[in-house]
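There are 4 protein chains.
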Amino acid sequence: MKRPVKVTILGASGYTGIGLYRLCEAHPGVEIVAVSAERHAGKSLAEVFPQVSHAADVMLVPIDEAIEAGADVTFMCLPHGTTMNVVPRVIETGSTVIDLSADFRMDTPESYHRWYDLDHVAPEYLSTKVYGLAEFNRDAIAGAKLIAVPGCYPTSVQIGLAPLLKAGLIKPDVVIVDSKSGVSGAGRNPSQKTHFVETNENFRPYKVGREHRHVGEMEQELTRAAGTDTCVIFSPHLVPMNQGILSSMYVDLAGDYSTDDLLACLHQAYDAERCIRVTDHLPETAFVRDTNYVDVSARVIEGTGKAAVFCAIDNLVKGAYGQALQCMNIACGFDEYEGLPL
Amino acid sequence: MKRPVKVTILGASGYTGIGLYRLCEAHPGVEIVAVSAERHAGKSLAEVFPQVSHAADVMLVPIDEAIEAGADVTFMCLPHGTTMNVVPRVIETGSTVIDLSADFRMDTPESYHRWYDLDHVAPEYLSTKVYGLAEFNRDAIAGAKLIAVPGCYPTSVQIGLAPLLKAGLIKPDVVIVDSKSGVSGAGRNPSQKTHFVETNENFRPYKVGREHRHVGEMEQELTRAAGTDTCVIFSPHLVPMNQGILSSMYVDLAGDYSTDDLLACLHQAYDAERCIRVTDHLPETAFVRDTNYVDVSARVIEGTGKAAVFCAIDNLVKGAYGQALQCMNIACGFDEYEGLPL
Amino acid sequence: MKRPVKVTILGASGYTGIGLYRLCEAHPGVEIVAVSAERHAGKSLAEVFPQVSHAADVMLVPIDEAIEAGADVTFMCLPHGTTMNVVPRVIETGSTVIDLSADFRMDTPESYHRWYDLDHVAPEYLSTKVYGLAEFNRDAIAGAKLIAVPGCYPTSVQIGLAPLLKAGLIKPDVVIVDSKSGVSGAGRNPSQKTHFVETNENFRPYKVGREHRHVGEMEQELTRAAGTDTCVIFSPHLVPMNQGILSSMYVDLAGDYSTDDLLACLHQAYDAERCIRVTDHLPETAFVRDTNYVDVSARVIEGTGKAAVFCAIDNLVKGAYGQALQCMNIACGFDEYEGLPL
Amino acid sequence: MKRPVKVTILGASGYTGIGLYRLCEAHPGVEIVAVSAERHAGKSLAEVFPQVSHAADVMLVPIDEAIEAGADVTFMCLPHGTTMNVVPRVIETGSTVIDLSADFRMDTPESYHRWYDLDHVAPEYLSTKVYGLAEFNRDAIAGAKLIAVPGCYPTSVQIGLAPLLKAGLIKPDVVIVDSKSGVSGAGRNPSQKTHFVETNENFRPYKVGREHRHVGEMEQELTRAAGTDTCVIFSPHLVPMNQGILSSMYVDLAGDYSTDDLLACLHQAYDAERCIRVTDHLPETAFVRDTNYVDVSARVIEGTGKAAVFCAIDNLVKGAYGQALQCMNIACGFDEYEGLPL
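Protein chains in written order, with my numbering: chain A, 1 to 342; chain B, 1 to 342; chain C, 1 to 342; chain D, 1 to 342.
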């Protein structure tokens with residue numbers, strides 16, 4: 001029997017950290033060797049998350065101690081800005097890093113500065129990291145030492161649009177992305193905006209146009225898919241629910257294509273993919289909740305030269321910890337879907 | 001003292017009917033003379049709606065009986081298709097009709113047939129009715145015998161786009177409307193789609209593109225505002241909340257206009273309006289919940305030649321019974337805002 | 001025409017403060033002369049609450065400035081502990097004080113210390129204040145200078161149990177109160193416990209038994225009603241909704257009484273009350289939402305010697321700002337129900 | 001390698017049926033041989049539940065056809081009343097039956113008639129069935145041919161109270177159970193009561209006292225645990241959330257016991273149980289959501305002679321399909337926790 005892969009989770013007090021803990025705990029090939037949560041160091045994981053009250057003996061340690069635990073794979077669930085300070089030290093220990101923050105998603109320090117308003121402290125890793133959208137980048141992920149797990153919104157947008165751009169069915173110039181996300185996308189720290197009473201029975205847009213940081217990541221990756229500059233108009237909205245993203249995307253057709261043409265293109269891209277389902281019905285977030293599935297569909301709007309593409313994911317699973325585990329499975333030679341909620 | 005206006009409500013067992021009842025009950029110039037609910041005839045209103053358990057002596061009567069009650073104003077809260085059969089009889093009694101169904105919103109029997117797939121049985125009223133978007137049509141409403149209260153989605157779209165189209169700031173060719181509505185918009189009759197468990201923790205699009213019946217109404221009225229044919233791409237979505245619509249609209253600028261230009265245009269159109277608030281912040285549905293307010297704002301997306309316009313209403317109030325009461329106030333010579341939740 | 005009553009609201013940045021503002025704004029006999037919010041002083045009310053974006057010229061001032069505004073009535077929406085430091089100064093200005101905090105609800109400094117773990121700094125007012133449960137205390141409220149508005153949970157409990165205790169139909173020894181509240185009861189300040197994701201799709205008890213501070217207030221007032229010591233077991237629970245309290249109360253019958261006997265007793269107590277509705281059906285929070293209504297009902301459980309009493313209120317309205325306005329109406333000689341949401 | 005256990009699911013169009021399908025699909029020792037849904041026969045499972053759109057080739061068949069499929073184990077997810085007509089035929093095929101309906105939970109035809117108001121058509125099975133509360137009845141389940149899976153509410157009540165009654169720490173005479181359930185407990189068929197708008201932002205009691213059918217099951221099983229007649233007062237309430245039950249139970253102490261005594265008793269009963277967690281903190285439904293865990297805790301209320309016991313389960317998992325699978329694992333000799341969400 002193969003020895004288990006030793007895993008450390010840095011930053012386990014948020015929704016992605018606890019999600020990864022639960023998946024790794026149930027994964028037959030993984031041994032968790034350290035779990036950190038700076039603010040809660042010294043407590044047990046069960047004290048911070050009573051839902052894992054069976055894990056009363058899993059102690060949270062400071063980051064520094066966790067890094068020394070000798071992990072084969074380190075999941076980074078720390079905030080952006082902080083993460084880039086820690087990653088180089090983790091890589092020096094020989095551990096593979098799977099980073100759920102935004103710090104290594106951009107390809108250049110300039111674009112990182114443009115969208116995150118920070119100078120990158122480890123720019124040498126930006127060009128060598130692998131972008132961890134599993135279905136698009138399997139070969140590179142297999143040998144990677146640093147994997148940047150995509151953002152939740154960009155995952156839904158790329159899976160919807162990349163094949164259509166690549167195939168030249170839609171125009172790259174300007175794509176309109178109207179996304180709706182559950183509140184867990186805002187993280188676990190309380191704020192006025194995530195206070196129950198302010199969010200329940202409310203629906204609101206925020207950071208619309210080109211304000212949201214994910215615009216940079218979307219444009220970088222869609223441009224790569226299209227082979228030419230792609231501009232994104234992005235309107236995120238907050239839905240009074242815990243989990244789920246639906247992106248409704250409006251694009252200009254590059255020719256006289258039908259709904260069938262678009263669906264055929266998506267089927268060709270994804271029929272071999274176990275996590276991505278091209279659907280005839282319109283995707284709904286509940287159909288993918290708590291799973292690593294992605295549902296995607298498209299409709300040409302007759303007489304307008306435009307089409308609408310819809311993509312639903314669970315922002316915490318395929319949009320974060322599920323995709324991170326999928327990357328680990330690929331990187332470590334496991335079955336890609338081992339331990340994934342499907 | 002003026003004698004009170006006698007009011008009848010036909011179809012009081014739905015959300016708009018009970019909403020009108022409560023507003024009329026509190027309105028100082030109104031006397032309710034009959035309330036009908038075919039299916040519940042013989043019960044009291046309090047039996048159907050325990051929230052008005054103080055109204056245990058208000059008996060629900062059949063439509064035929066209600067029509068004979070001698071109302072000055074009759075609110076019609078019946079389904080489309082049914083309504084057009086009843087309206088002529090009500091008008092013959094001398095009552096003013098304020099119709100919340102869709103049956104008289106279209107201008108021609110052809111367009112009614114195109115969007116509702118029914119032959120109109122009272123086509124002569126289509127051209128003589130007044131479209132009851134209060135802020136746009138005050139003078140006509142004042143003398144009207146038949147007022148067609150706008151649909152909920154079309155209200156939000158017209159208030160957002162009509163002034164910009166009229167002023168020529170945006171192109172009429174194709175406008176993209178991505179709307180999100182609370183579940184009360186689907187009415188009070190139970191269905192699989194409105195079952196709590198199917199809708200809670202879910203976000204879903206439905207009837208996207210040019211499928212939804214409100215597309216016809218939007219195009220008719222936006223075309224009127226623009227003075228030229230306007231095409232609408234419309235994607236409605238269901239939000240897990242009771243009330244509220246947010247419409248996020250994407251339009252092509254007709255020139256090199258800035259956000260300030262768009263806001264100035266909206267301010268000019270609406271600063272004298274008590275129910276419409278042009279906001280710097282992005283509209284949220286909670287800010288207008290249970291009120292007749294409309295919040296509207298706009299953003300030019302730099303470098304794209306496009307703009308986003310956001311409009312929030314309460315679908316039941318400004319989108320239905322609030323606007324209906326506003327029309328009644330105008331038609332009957334009351335202060336326009338008497339009894340309106342503001 | 002009578003000159004309007006001048007009103008000041010101290011602490012307007014919470015849910016009760018803004019609620020009072022909206023009711024007072026619409027009240028025909030009231031003029032708002034000052035609105036304070038220490039933390040937001042200098043901003044307009046519209047900046048803090050976009051739902052009143054029409055109130056862009058209402059400036060929030062510091063407490064000290066607001067006290068000097070010459071109000072006839074001052075609503076105190078400050079936290080307990082803080083409030084008792086301010087009330088004496090306000091009373092010295094000649095203003096009537098209507099206090100929504102807990103600081104003056106208890107009758108003695110000892111009981112205040114027992115339940116709030118603080119030494120009272122203005123104990124002389126504890127015995128002279130009037131407890132503002134409007135239906136029970138009208139005469140005293142009419143001439144009061146300091147009115148302590150009851151807590152939300154105690155309001156629901158007293159309206160359900162006080163008449164039954166007074167009439168000797170139920171035993172006072174131990175009553176079991178299992179209450180369920182919407183999240184607005186926890187206030188507007190964000191915390192982990194009120195974070196949307198932690199509260200949505202969750203149901204939880206907290207501070208059960210005799211831990212919650214409202215136990216002291218319930219026991220004080222039920223003991224007064226019963227004329228003998230009454231002990232309360234209290235289990236509050238948090239419901240994933242914004243507003244509403246349902247208290248389910250389990251009591252021992254003092255004799256062989258039937259459901260009809262209990263309902264008759266409640267009817268006798270409340271049939272003349274416009275805000276309290278004794279119902280045959282079981283109360284639900286939605287039936288009283290956004291209103292000052294109280295729905296109450298009772299059931300004897302055959303063969304057990306016990307009964308269940310159910311009472312529903314809107315925690316923010318009858319449980320806070322609605323009842324406060326009702327007290328003001330009584331204290332100032334207005335119609336008691338003027339401006340109340342009914 | 002052992003041949004897989006062949007499983008049939010009768011009645012797969014509800015929440016328990018689809019839940020069982022997903023667990024069985026992922027269970028390494030199970031092969032699904034038939035899935036029935038009378039009303040949807042001829043459709044694929046993916047048509048009825050788009051969340052399993054990967055299962056487009058799983059066809060729904062009529063019950064009669066499903067019974068002939070040669071299953072080793074048949075899960076019955078049919079309504080009560082219907083089920084008792086089908087079970088004998090299934091047993092005759094040699095299949096083990098695991099019944100999620102209420103038809104075989106009662107021990108006698110008289111008690112079935114008392115609580116379900118129907119004559120039992122297969123009374124001979126009532127005394128031979130095994131009651132499937134896994135932790136209490138393992139040995140009997142191991143050899144059973146007919147297992148009656150407990151009701152959701154009774155599961156939460158028994159796990160909370162049975163050990164305390166057995167140990168004589170609390171009095172059996174009358175126990176008060178105040179339960180709160182998510183809406184999925186009402187099934188998947190739409191009704192006015194489960195319409196989103198009527199349930200969202202609402203909290204309501206229903207069938208309180210001794211009206212609900214689960215009272216009979218609770219009393220039968222608690223009486224068995226106590227060894228003497230036990231009477232239950234039961235107030236179920238509907239919570240605006242999808243899943244979860246919290247039962248708050250109020251009992252009389254049989255002696256001068258402390259919170260520690262009660263917790264020690266629960267620990268002794270459950271510390272060897274993997275699915276039941278005795279917690280110091282108060283149970284919350286979110287901590288057990290989507291899992292087969294049960295969280296239970298207790299508090300003595302000082303000075304009252306009473307205690308409160310709290311128990312949280314997921315009504316669909318431990319309260320239905322999870323417990324059913326646990327029974328199958330025991331009955332078929334699998335690891336008891338194989339494939340259970342933990």
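Do not rely on the hints blindly, as some may be mistaken.
Pairs involving identical chains hold if they fit within one copy or between any two copies, as the list cannot separate such chains.
Listed below are the simulated BS3-like cross-link pairs for lysine-lysine, each with C-alpha atoms no more than 30 Å apart in a straight line [what the hints assert, rightly or not]:
1) K2 <-> K193
2) K166 <-> K193
3) K43 <-> K207
4) K2 <-> K166
5) K207 <-> K6
6) K207 <-> K145
7) K6 <-> K193
8) K43 <-> K171
9) K193 <-> K207
No lab work stands behind these hints: they were computed from the structure.
Structure-based check of each hint:
For the identical chains of this complex, K2 and K193 are neighbours neither inside a copy (47 Å) nor across copies (43 Å), given an alpha-carbon limit of 30 Å. In this homomeric assembly, K166 and K193 never come within 30 Å of each other (Cα to Cα): the closest approach is 38 Å inside a single copy and 36 Å across copies. In this assembly of identical chains, K43 and K207 lie within 30 Å of each other by CA distance solely across copies; the values are 23 Å between and 36 Å within a copy. Taking CA atoms no more than 30 Å apart as the test, K2 paired with K166 passes in neither setting, with 40 Å inside one copy and 48 Å between copies.
With identical chains, the CA atoms of K207 and K6 are never at most 30 Å apart, being 39 Å at best within one copy and 41 Å at best between copies. Neither within a single protomer nor between protomers do K207 and K145 lie at most 30 Å apart by alpha-carbon distance, with minima of 33 Å and 45 Å respectively. Taking CA atoms no more than 30 Å apart as the test, K6 paired with K193 passes in neither setting, with 38 Å inside one copy and 34 Å between copies. In this assembly of identical chains, K43 and K171 lie within 30 Å of each other by CA distance neither inside one copy nor across copies; the values are 53 Å within and 38 Å between.
Taking identical chains as interchangeable, the C-alpha atoms of K193 and K207 lie at most 30 Å apart whether they share a chain (13 Å) or sit on different chains (26 Å).
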